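Order-wise, the sequence lines are chains A and B. Going by the working numbering, the first sequence opens with residue 3, and the numbers climb by one from there. Going by the working numbering, the second sequence opens with residue 999, and the numbers climb by one from there.
Do not rely on the hints blindly, as some may be mistaken.
[Said to hold, decoys possible] Here are the computed lysine to any residue pairs in the SDA-like style, where the Cα-Cα straight-line distance is at most 20 Å:
#, chain 1, residue 1, chain 2, residue 2
1, A, Lys58, B, Asp1025
2, B, Lys1234, B, Val1159
3, A, Lys58, A, Phe7
4, A, Lys58, A, Thr46
5, A, Lys54, B, Tyr1289
6, B, Lys1234, B, Asp1105
7, A, Lys58, B, Lys1234
8, A, Lys54, B, Arg1056
9, A, Lys54, A, Gly99
10, A, Lys54, B, Trp1285
11, A, Lys58, A, Val100
12, A, Lys17, A, Gly99
13, A, Lys58, B, Glu1030
14, A, Lys95, A, Met75
15, B, Lys1234, B, Leu1174
16, A, Lys58, B, Pro1026
17, A, Lys17, A, Glu88
18, A, Lys58, B, Trp1285
19, A, Lys54, B, Glu1030
20, A, Lys54, B, Lys1234
[Claimed, not checked] Label-pair restraints from in silico Cβ distances:
#, chain 1, residue 1, chain 2, residue 2, range
21, B, Arg1230, A, Glu84, 36 to 42 Å
22, B, His1224, A, Pro66, 55 to 61 Å
23, B, Ser1042, A, Pro66, 36 to 42 Å
24, B, Val1125, A, Pro66, 55 to 61 Å
Hint data in this document are derived by calculation from the structure and do not stem from the laboratory. Note that the structure is a prediction, hence the values are computed from the model and not measured. Cβ atoms here follow ideal geometry from the backbone N, Cα and C, with glycine treated the same way.
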Amino acid sequence: MMGEFEYLILAAAAKLGDEAYGAAIRMEIEQATGEHCSIGALYTTLDRLEGKGLIKTRMGDPTPQRGGRSKRMVSITTEGVEAASEFYAAIAKLSRGVTWQTNREAVRS
Amino acid sequence: MANQPRSGQVITGFCSRPTELAAQLLDPREREAVLGDLRELGVSQSRALGEILGLAARRQAALWANCRPWLTLLLLILPLSLLLSVKARFAAQESGVYLWMYANNLDVALLGNYGFWYELAHSVPIVLAIFLKLFCWSWTAGFVLGLIGARTAPISRSLLVLALVLGVSIAAPAYLAFYWRFFEPTLSGLPPAMNDPVSAVWLYRSLFPVLVQGTLVIIPSLVGIHSGQMARVFPKPWRVAFRALAFIAIAELLWQNSFLWLFWSPLLAGKMAGLGKLNMFALVVYWPLLYLLAMGMARRIPVIAFTR
């Protein structure tokens, strides 16, 4: 089973499609979670996902916007799609019938 | 909310010198992507520096999670640091005697004496050979570390420097004090206090060993680590040859310096000291000079491509 941060990266990469690379994934995650996503966490997790065969990365073309530096482009493999689907299904299954508002009130009382 | 996307924004002068230096800790491909990302995201220089250092720390931590760097530390860095520190301290004592003879006892009347110049001509090559060998051994030690673990080199470099600093300040003086007191009189029959007038001078007792350690051990070993990292691009047969040369050179460090055999029996040490005179591999110690010369020439003549 993958970790939640790994899932977030896969989901962001899937959403971005051909435009998935380090900075864009980071912005997607930060916008979705409202939390800071460090480059260290992002790149080490990208490596881990690549090691597991869930994504593939390649160096893209340099752009002036990035000071002439290349992007690390990310694409999800078939295994990555399956693993993310399983993770999402497990979360959805587990969350079915759970009302967090109710639980929060139960914890308060 | 966290950083807002700044797509299309061009940030000039993003990479400060500290950021560029910190990025050197990353692999070239990763450095390219990370610096580009940080520039595109428009993070401040201080934050960029923090992020790069954070990534470098994660990378190093991941590398040190397996046993290989630890084995390198225990089997190479610590023993080599101790050996080089003891050798440097001993070299400082040996050469310090000559320096003391000429610097602290110089009499102008001696300058007209043929014997003085004869002795000086005899002493200078001895001191130079001591220093040259120490340089070569230190460079070789660093080269091995760079060659076997290029990715762990940043941490290896720091640990090596730390071990060498501790070596010159604590380990080597303790080792040699023990050696001079208990072993040298047994092996050579010389009184342990024969160089007391030299060691009574603070310069030769405290400062000179530190200078020798800094200039002939720490700096060459750091240069050696860099050379070893660069040498990883050579084909395997070359790398095997470099390892063999380095192994022989390090073996020579032990072979030629009987005072490093403290924990061997004095009898065995005496016998091996005799065998050392017949040693055919003594010249291998100087292999770094040939290597550095060849690399210097290769840089000037691009046609010579060792990597092919």
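Evaluated hints:
With a C-alpha separation of about 18 Å, the suggested pair lysine 58 (chain A) and aspartate 1025 (chain B) falls inside the 20 Å cut-off, and the hint holds. Pair hint lysine 1234 (chain B) plus valine 1159 (chain B) does not hold up; C-alpha atoms about 29 Å apart against a cutoff of 20 Å. In summary, the hint linking lysine 58 (chain A) to phenylalanine 7 (chain A) is supported, as the alpha carbons are separated by about 17 Å, within the 20 Å threshold. With a C-alpha separation of about 14 Å, the suggested pair lysine 58 (chain A) and threonine 46 (chain A) falls inside the 20 Å cut-off, and the hint holds.
Straight-line distance between C-alpha atoms of lysine 54 (chain A) and tyrosine 1289 (chain B) comes to about 41 Å, which puts the hinted pair past the 20 Å bound. Restraint check: the Cα-Cα separation between lysine 1234 (chain B) and aspartate 1105 (chain B) comes to about 57 Å, which exceeds 20 Å; the hinted pair is violated. Our distance criterion of 20 Å between C-alpha atoms is broken by lysine 58 (chain A) and lysine 1234 (chain B), whose separation comes to about 29 Å. With a C-alpha separation of about 18 Å, the suggested pairing of lysine 54 (chain A) with arginine 1056 (chain B) holds against the 20 Å cut-off.
A threshold of 20 Å between alpha carbons decides the hint, and for lysine 54 (chain A) with glycine 99 (chain A) the separation of about 33 Å lies outside it, so the pair is violated. Simply put, lysine 54 (chain A) and tryptophan 1285 (chain B) have alpha-carbon atoms about 44 Å apart, too far for the 20 Å limit, and the pair is violated. In summary, the hint linking lysine 58 (chain A) to valine 100 (chain A) is not supported, as the alpha carbons are separated by about 36 Å, beyond the 20 Å threshold. Distance restraint check for lysine 17 (chain A) and glycine 99 (chain A): the Cα-Cα separation of roughly 27 Å exceeds the 20 Å cut-off, and the hinted pair is therefore not satisfied.
With a C-alpha separation of about 18 Å, the suggested pairing of lysine 58 (chain A) with glutamate 1030 (chain B) holds against the 20 Å cut-off. Of the pairs offered as hints, the one joining lysine 95 (chain A) and methionine 75 (chain A) is violated, with about 32 Å between alpha carbons and a cut-off of 20 Å exceeded. Simply put, lysine 1234 (chain B) and leucine 1174 (chain B) have alpha-carbon atoms about 40 Å apart, too far for the 20 Å limit, and the pair is violated. At roughly 18 Å between alpha-carbon atoms, lysine 58 (chain A) and proline 1026 (chain B) fall within 20 Å of each other, so this suggested pair holds.
For a cut-off of 20 Å, the pair hint linking lysine 17 (chain A) to glutamate 88 (chain A) stands: about 17 Å separates their Cα positions. Restraint check: the Cα-Cα separation between lysine 58 (chain A) and tryptophan 1285 (chain B) comes to about 44 Å, which exceeds 20 Å; the hinted pair is violated. Restraint check for lysine 54 (chain A) and glutamate 1030 (chain B): the C-alpha separation of about 23 Å exceeds 20 Å, so the hint is violated. About 29 Å separates the Cα atoms of lysine 54 (chain A) and lysine 1234 (chain B), which puts this hinted pair outside 20 Å; it is violated.
Between arginine 1230 (chain B) and glutamate 84 (chain A) the beta carbons are some 37 Å apart, a value that agrees with the proposed interval 36 to 42 Å. At roughly 33 Å, the beta carbons of histidine 1224 (chain B) and proline 66 (chain A) sit outside the given window of 55 to 61 Å. Roughly 21 Å separates the CB atoms of serine 1042 (chain B) and proline 66 (chain A), a value that falls outside the hinted 36 to 42 Å. For the pair valine 1125 (chain B) and proline 66 (chain A), the supplied restraint of 55 to 61 Å holds, since their beta-carbon distance comes to about 58 Å.
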